[in-house]
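Peer 1: Below are the chains, spelled out letter by letter.
Protein chains: 2
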Amino acid sequence: MNNFEFFNPTRIVFGRGAQAKTGALVKQFGRKVLLHYGGGSIMRTGVYGQVIDSLKAEGVDYVELGGVKPNPRLSLVREGIELCKREGIDFILAVGGGSTIDSAKGIAAGVLYDGDIWEAYMNPEKTPTRALPLGVVLTIPAAGSESSVGSVVTDEANQLKRAINSECLIPRFAIMNPEYTFTLPAYQTACGASDILAHMMERYFTRVDHVDLTDRLIEGAMRTLINYAPVAQAQPENYDARAEVMWTGTIAHNNLLDTGRIGDWASHDIEHELSGQYDIAHGAGLAIVFPAWMRYVYRDDVARFVQYAQRVWDVDLSSADPDAIVMEMIRRLEAWYKRLGLPVRLSDAGIGEEHLRLMADRCLLGREAVGNFRRLKADDVYEIYKIAR
Amino acid sequence: MNNFEFFNPTRIVFGRGAQAKTGALVKQFGRKVLLHYGGGSIMRTGVYGQVIDSLKAEGVDYVELGGVKPNPRLSLVREGIELCKREGIDFILAVGGGSTIDSAKGIAAGVLYDGDIWEAYMNPEKTPTRALPLGVVLTIPAAGSESSVGSVVTDEANQLKRAINSECLIPRFAIMNPEYTFTLPAYQTACGASDILAHMMERYFTRVDHVDLTDRLIEGAMRTLINYAPVAQAQPENYDARAEVMWTGTIAHNNLLDTGRIGDWASHDIEHELSGQYDIAHGAGLAIVFPAWMRYVYRDDVARFVQYAQRVWDVDLSSADPDAIVMEMIRRLEAWYKRLGLPVRLSDAGIGEEHLRLMADRCLLGREAVGNFRRLKADDVYEIYKIAR
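These protein sequences, in sequence, are chains G and A. If you use our numbering, the first sequence corresponds to residues 20 to 408, in order. If you use our numbering, the second sequence corresponds to residues 20 to 408, in order.
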């Protein structure tokens, strides 16, 4: 087990009716709020009205900024920063999923940042240490941003997607009502589940020894997700299934499951090029990349993959043939993705071979390697894309 | 799954050498510190000197108050409160185990409390909402107080043991170096492990349905503890085993494993009378009480006990006979306690039958029932003591 620090002060308010506490929670931190959201779905579902009601009931003054899109854009972040400065905003409330939260985090940091916030995204040494406090009303369980340190924003003018990670970006609270996820379309439910599983697999495939507690915690959370994501998809208004998926999504990414270990994260980097190049959802891209990554690297620590196969996917084959155990695990993982309606090959998503080399090279731009389980170079990433054909 | 709030902002600094950060962490919150500890063990082991060095390196001013005993006493808490007021203390640093931390919490709340702090311990409606900030250097993994809301203090004059629970008591940080537990005697290691397991079993045996994620998380943490506590005891300087036990002890009691469920806690109440009446460690008392409680109540939800037997203790008997499965689980649990050198019957601890009725009646003093899995009355508690003979 490695030395570690763990700090996660987000107050989770979870369950039916949780949104009624929004106004009172906001009032603990701010007097004038930026209400940040995406498109019309929160209007259609009634979430918007309930949040506004709660703010008004507490007499909280607010200004609105909608229009967040998937892969949140730097231009809107900059617009939000100017708006906050002009209006004297002292708290940001994000209502939505990971994109809205990540956009809100960019604004929160940008308001107090000395210079243009994009400098911080482009230079890890310029990571912000101060931000306006922010809170979340979560409507999509997937990204885990509701209690994470991270924000990913895209500079659409230059097609650059970059992240900042800082404790000052951890939301002060997250309102989580599983009923808010009843209206998620089946495909979005699937993509969210894939992202949540990926957050846990990235952490699970570590080369750090003696991490038994976190192994066990990750395994338990993965089994829960694997069981309930298809139920939530098939029965959209099954509260219990939605609740298990939603709470698992937060635990998967609040860094508790990281403690004492070093995750891999190559699959995320490899996927980012894919969804940058093609119009494909992050969760769908991960379903294509992860099995291919596994096939390429598993022999570096076959025991860890066998443990995963046995404890999470109940593979019960002869230990004399670890390769067969791992292949059966990958088969079950792919079957799970397919059952959710996700692609598991590039061809399933209609993606051909024309850009594989380009994407592999671009994946390594500005860095020596990706991943920690095995340090991968551009040639390795190219091979993984080829396996995924 | 029930609605819940989860909030746990303790910064965990875990690993070899973590104590070097003590001074810098203290400085974030206070300028003049009460250094609170127990007896001479932290002097013998060198912990005291290392903490002092770190405080001095950061120029932190401190005042000392030692002398905390197991079952921390109200008189020392009161002495600490007066000392803090007199010296203008604004931060409390507890160096030790659960008793020292609980005593420090009593002082921290008492300094800002309007009236005598014992009123808060005696009246749940007078729970404190403000306290001085406090931090912890942990030397004994057991109570989980290093990141919990609770403080248990004994009014030695009136033989009353009472608790307060408040978010304002959650430590700001906890320094956790597993090496600090190398010198724990074997019996204390065993009692700590028993307490940690009990914190998880109390949470596990719930009547709330659809708590699959937390079931899985608790099961994983219990398996880790069950595996590593005997290793830590047999090989006191096995860093990895000590680290697994130490981190599990915190997770077991920081309320994450509570989310969405209602724990039982009857066994804790029943044990408190036992260790109040007899000179027996809390962890040893729990090893006696828990198996007896299980035998008495398991038929109320045999499926939950079967799940526990199968997932945590690997009992693989025919599902046609759930009673046999549960009995085999209890046999394995008792064998684990015995392997650690703990008693599993009152007679193992030299305790006779003369006070069983008295303890049962006293256990129900001032309350209608104990426990949530089954609401127990004095006659029930008496039966459980008799099973434990």
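Derived from the structure by calculation, the hints contain no laboratory data. Take these hints with a grain of salt, some might be off.
Since the list gives no way to pick one copy over another, a pair counts as held whenever it fits inside one copy or between any two copies.
Listed below are the simulated DMTMM-like cross-link pairs for lysine to aspartate or glutamate, each with C-alpha atoms no more than 25 Å apart in a straight line [unchecked claim]:
| hint | residue 1 | residue 2 |
| --- | --- | --- |
| 1 | K46 | E24 |
| 2 | K46 | E186 |
| 3 | K104 | E77 |
| 4 | K75 | E24 |
| 5 | K40 | E24 |
| 6 | K40 | E144 |
| 7 | K40 | D277 |
| 8 | K405 | E138 |
| 9 | K145 | D398 |
| 10 | K88 | D380 |
| 11 | K405 | D333 |
| 12 | K357 | D335 |
| 13 | K51 | D135 |
| 14 | K51 | D342 |
| 15 | K75 | D398 |
| 16 | K46 | D367 |
Peer 1: Does each hint fit the structure? Answer for all of them.
Peer 2: Hints and how they fare:
In this assembly of identical chains, K46 and E24 lie within 25 Å of each other by CA distance solely across copies; the values are 17 Å between and 30 Å within a copy. In this assembly of identical chains, the alpha carbons of K46 and E186 lie at most 25 Å apart whether taken from the same copy (21 Å) or from different copies (18 Å). Taking CA atoms no more than 25 Å apart as the test, K104 paired with E77 passes inside one copy only; the shortest distance there is 23 Å, against 37 Å between copies. Proximity of K75 and E24 under a CA criterion of 25 Å is satisfied inter-copy only: 23 Å between copies versus 39 Å inside one chain copy.
For the homomeric pair K40 and E24, the shortest alpha-carbon distance between copies (11 Å) is at most 25 Å, but the shortest distance inside one copy (30 Å) is not. Taking identical chains as interchangeable, the C-alpha atoms of K40 and E144 lie at most 25 Å apart only when they sit on different chains, with a minimum of 22 Å there against 37 Å within one chain. Proximity of K40 to D277 under the C-alpha cut-off of 25 Å is restricted to the inter-copy arrangement: shortest distance 21 Å between copies versus 30 Å within a copy. Within a single copy, K405 and E138 get their C-alpha atoms no closer than 35 Å, and across copies no closer than 70 Å, so neither meets the 25 Å cut-off.
For the identical chains of this complex, K145 and D398 are neighbours neither inside a copy (31 Å) nor across copies (66 Å), given an alpha-carbon limit of 25 Å. Taking CA atoms no more than 25 Å apart as the test, K88 paired with D380 passes in neither setting, with 27 Å inside one copy and 64 Å between copies. Neither within a single protomer nor between protomers do K405 and D333 lie at most 25 Å apart by alpha-carbon distance, with minima of 29 Å and 42 Å respectively. For the homomeric pair K357 and D335, the shortest alpha-carbon distance inside one copy (22 Å) is at most 25 Å, but the shortest distance between copies (32 Å) is not.
Taking identical chains as interchangeable, the C-alpha atoms of K51 and D135 lie at most 25 Å apart only when both belong to the same chain, with a minimum of 23 Å there against 39 Å between chains. When the C-alpha separation of K51 and D342 is checked against a cutoff of 25 Å, the pair qualifies neither within a copy, at 59 Å, nor between copies, at 60 Å. Proximity of K75 and D398 under a CA criterion of 25 Å is satisfied in neither setting, with 56 Å inside one chain copy and 53 Å between copies. Neither within a single protomer nor between protomers do K46 and D367 lie at most 25 Å apart by alpha-carbon distance, with minima of 48 Å and 57 Å respectively.
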